[in-house]
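*Asks:* Residues per chain are reported as follows:
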Amino acid sequence: MESLDGLLLARIQFAANITFHILFPAITIALAWALVGLRLAWLRTRRTEWLHAYLFWTKVFALSFALGVVSGVTMSFQFGTNWPGFMERAGNIAGPLLGFEVLTAFFLEATFLGIMLFGHNRVSERVHLLATVLVAFGTTMSAFWIIALNSWMQTPVGHTVIDGVFHVTSWLDVIFSPSMPYRLGHMLLASFLTAAFLMIGVSAWQLLRGKDNLATRPVLKAGLAAAAVLVPVQIVVGDLHGLNTLEHQPAKVAAMEALWTTQRGAPLVLFGWPDAATRSNLYTIEIPRGAAWILTHDPDGLLQGIDAFPDAHPPVAPVFWSFRVMVGTGVLMLCAAWLGAWQVWRQRRRPRLELPRWLLAGLAAMTFSGWVATVAGWYVSEIGRQPFLVQGALRTAEAASAVPPAQIAQTLAIYLIVYVLLIVAYISVLRYMAEKPIEDPGTSPAKRGARPVAAGAE
Amino acid sequence: MSSFDHALPVIFLGLMGFAMLMYVVLDGYDLGVGMWLPRATTGEKDVMVASIGPFWDANQTWLVLGVGILLIAFPVAQGVVLTALYLPVALMLVGLIMRGVAFDFRVKARDDHKPLWNRIFSAGSALAAAAQGWMLGRYITAFDDGAVAWSFALLIAVTLPASYLLLGACWLIMKTEGELQRKAVRWARLMFLPLVAGIGAISLATPIVSPIVRARWFTLPEFIALAPIPLTTLAALGALWLLLRRPERVLGASCWVPFALVVGVFILAATGLAYSLYPYVVLDRLTVWEAASSPAALKVILIGVAISVPAILGYTAYAYWVFRGKARALTYG
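Listed in order, the protein sequences are those of chains A and B.
The numbering used here numbers the first residue of the first sequence as -18 and each following residue consecutively.
The numbering used here numbers the first residue of the second sequence as 94 and each following residue consecutively.
Hints in this document: simulated from the structure, not taken from any laboratory.
There's no promise every hint is true.
DSBU-like cross-link-like pairs, simulated, lysine-lysine; straight-line CA separation at most 35 Å [stated by the list, open to error]:
#	chain 1	residue 1	chain 2	residue 2
1	A	40	A	417
2	B	207	A	192
3	A	417	B	392
Required output: the full structure, derived from the provided sequences and hints.
*Replies:* Okay, here's the thing in structure tokens:
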């Protein structure tokens, strides 16, 4: 029992850290590219609102990036402290992929971030823009490698197992495993939507509170336009990803749909309470043949249920609920983005965009909807892979560490306190920054360079 | 097994040592500057943070590379090492989290919260430095239990932060001017003797704690071949003391010399340590060859390393060149 407690605690600790971590890359991957766009808009039009937007969102980027970095460093250690068996068994595959992430992404983004944030007076506009592009490229490369590793863990190919240790037979197969293109596309789009709704939400908040500035409306419009196009794309990519999961990880899909028994013409359970004890759903609202129709595109299609995977299926309820939270949030995002975009289009001839207050309140409430959907989606993916660490090949329990459960519990408590405080601090500082009037940055670099040193390290 | 396959684990041990040394030197000055913050005025704090602001993130990445190589190249050893160091690793990470987020929060939060974030900045720096010292001490004693091994770890847990403080002070001598620079000279002088005492005590204690180290150090002719390491260290420390006693010598064009001397001492100490430990990844227990990944995996990473590490060193040098000279206020835009 003790080892089970240790395993559960190790999982909760890793889940807490990885949940906290993904919040920030989900913003910075896309926000980095958005900053490239804002900078280009300023350089091409020389309109002050784009410069203001660039400066404000650079601050948000720097703050989010710092939180992503520190939680990422924590994660690199927790691979070893929490899952020593993972590297011992799968190190020949996970090692090079993580190594390439450090070598091609972490150093690149970390080094050029300094020049991007603080290098304006010291390098030419061209070099600065290049630094910004390299930071954006670094964040995307980082996503590429970690998604490649995660996808291999979900749909492992390109290896053989000798004496319990994984050895690579084809790197191309390992990197581009069957679920990789779908997962990468789904995650990158998730990041763009997270950043878009953050920009929309903060701008809507500024308008609601009467704290709007030159940059508020252009950013709101650009964010709504991006979201209105990208949410439907994400829904299509997500559907393709789901079909790919059905092909390679049917147990995960059975849990997502709370499908306990293998059957033809399975219903789509919209809501219900999956009960593991009786292996059935209570209080259900179902669409007859819905799941069969969506997943096999045939109302009488055959779907495998949980009973087809004895001792090798994930817990149903958390996967089922996470999936509904993700899809539900996605639907809300679609409504919000289209409503907003429709209003913007209707007012396209007016000199000044005036959204109704109810819509602004709704958009502000959706500020962190990207976080909810992204985290819920990862819970579907990661809990849905259990009880395996590498699908079908390495069980999570086999990789756990021998650290005494008490130590894991103590450090878990510390991490949780730190993470909760940091999220509170992040959101309150974001709100404070959003309501603070933008200082006029001036347009000549020489003027900024002349500011005395002690004036502040911002 | 070909001779290249045999050499691969040694190459990766060297790379891991190089990454860890880069980390200790580069983030060492960041952590040192962070620990000095409480002694500075509000304006000086901003300059101090500005002097490390453009670099700290990349500096910290060397730690990720170091532990990454441990995970990747020595999967068997990482289980032993990270399980034994579970608690100090967690404390170090909490310290690094506090320090890292304080960088941004202290300038973005409300003005009346700034002192709190400054305190979190220094507390995080101190916690990370002490935890690293503790881990180094436990590692050198091969995680032995008993009063001797624990007091040795405690000794290093104090000495490593002290050396970071000296390094940080010398960084400030190099990167700042005026009253802050004079203060930094005083800080460096303050840390000099405790550090020398610490290094001396460790040099005496290491052969006592570890029989292997004793055997390595005190046999002929190795004893003579090794002599340049302590002798050069003493010379560097002596030169540093002479410079710090007369502040006017280091306030001008030669302001970089104290920093270079301390970096030299770090490199020498690392060389001595590497000589003492080789070829063990975990002293007395696991050699590099017992702990290493498959040659096939190591070759793949080595190709990546051979291409990317020179590029990393190149653009790191470029970043230092861009932010050369005395620290200026950091402004976005």
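*Asks:* For this structure, which hints from the list above don't hold up?
*Replies:* 3
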